[in-house]
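Trainee: Let the hints inform the model, and build the full structure from the sequences given.
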Amino acid sequence: MLNKNQLVSVIVPLYNAERYIEQTIQSILNQTYTNVEIIIIDDDSTDNSASIVKEITNIHPNKIHYIHQQNQGVSVARNTGIENAAGEYIAFLDSDDLWHPTKLEKQIQSMHANKMNACYCGHSYFYELTQSKTAIATKFIKGDIASAYLGHQVIAQTSTWIFKKSLLIDNNIRFTPGCSWGEDLEFLFKLTSITNVCYVEEYLTDYRILNEGNLSSKYSDYKLKTTIELEVYQRIKIWIQENTSNLITSNHNQLNHILDTYLIPFTIIHSAYTYMLAPNPAQETINQINTDLKKYCHRISLLNKMNSIKLLVKLCILRFKLFSSK
Numbered sequence: 001m002l003n004k005n006q007l008v009s010v011i012v013p014l015y016n017a018e019r020y021i022e023q024t025i026q027s028i029l030n031q032t033y034t035n036v037e038i039i040i041i042d043d044d045s046t047d048n049s050a051s052i053v054k055e056i057t058n059i060h061p062n063k064i065h066y067i068h069q070q071n072q073g074v075s076v077a078r079n080t081g082i083e084n085a086a087g088e089y090i091a092f093l094d095s096d097d098l099w100h101p102t103k104l105e106k107q108i109q110s111m112h113a114n115k116m117n118a119c120y121c122g123h124s125y126f127y128e129l130t131q132s133k134t135a136i137a138t139k140f141i142k143g144d145i146a147s148a149y150l151g152h153q154v155i156a157q158t159s160t161w162i163f164k165k166s167l168l169i170d171n172n173i174r175f176t177p178g179c180s181w182g183e184d185l186e187f188l189f190k191l192t193s194i195t196n197v198c199y200v201e202e203y204l205t206d207y208r209i210l211n212e213g214n215l216s217s218k219y220s221d222y223k224l225k226t227t228i229e230l231e232v233y234q235r236i237k238i239w240i241q242e243n244t245s246n247l248i249t250s251n252h253n254q255l256n257h258i259l260d261t262y263l264i265p266f267t268i269i270h271s272a273y274t275y276m277l278a279p280n281p282a283q284e285t286i287n288q289i290n291t292d293l294k295k296y297c298h299r300i301s302l303l304n305k306m307n308s309i310k311l312l313v314k315l316c317i318l319r320f321k322l323f324s325s326k
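Quick note on UniProt numbering: the sequence shown kicks off at 1 and runs consecutively.
For the record, the hints were derived by calculation from the structure and aren't laboratory data.
Label pairs and their calculated CB-CB ranges:
1. I238 to N16: 31 to 37 Å
2. S324 to H112: 53 to 59 Å
3. N256 to T46: 38 to 44 Å
Heads up, simulated DSBU-like pairs for lysine-lysine below, C-alpha to C-alpha not over 30 Å straight-line:
4. K165 to K237
5. K139 to K115
6. K295 to K305
7. K4 to K165
8. K115 to K164
9. K237 to K142
10. K142 to K115
In this text, all values refer to a predicted model and were calculated from it rather than measured experimentally.
All C-beta atoms in this analysis are idealised placements derived from N, C-alpha and C, irrespective of residue type, glycine included.
Mentor: Okay, structure coming up:
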């Protein structure tokens, strides 16, 4: 029988989400698992977000905690939430995303049934413009999923997870302050590297896509994006080296192998491909892409099966685009 005495702290980083924050909070209040505290970390919003949250807090004063901080980014906001969480479990939900009503209850049931301390579910893209949804394909794997997570076999973004707070405290796992790309991957890799996890094989989180054009433009700065993400991968390598005795996987070298022969090439190729879709790509950036392809993409392992094959195909298309741009 489900023990509903275990408090879940739901951390919501907030920045200028006045159009969506009420709906997001309501999706938490509508959970069938009701022993929940909602911690809203306002990263110095400049719109009407704070007023909306305060109005809802007045209706649910024992359920919602509002914290304002100077603008420091989503990573610091989430860390502030962790430090203020009173719950045995922690879950994150972005301020424009949504949960299905049974999300928390089904995940806690799964953790109890499997005697594990972390659980993920599937998620869908929710397109704001058309109000349509697309389920994001993922494998559902139980146990040690660190390699599968790095290899994009398990696709589980931050809002799909719930886990014991003690995992973060005991292993000093936090989001890296100032990191604007790849912060989720770094955090969740660290989590999956030190504990077995279970899943609910349902798509219980909706990740809102506000504007596909804006989404593309966000990733159009090739040099900035690749620099930041390569720094993320370097920190992951350092984590693997410094925490060998705590990692649940017996093959630490495989983790580094996936980074070097799949994830790093994926970042270079995907970022370059996106950049080359933009009109009038700069020759300086094209030269940098060619340099990076030679440095990072000369050995793509087929260990990751279909994902590796797709990456090789994209590399061929990219090389053709680069050749055609001369």
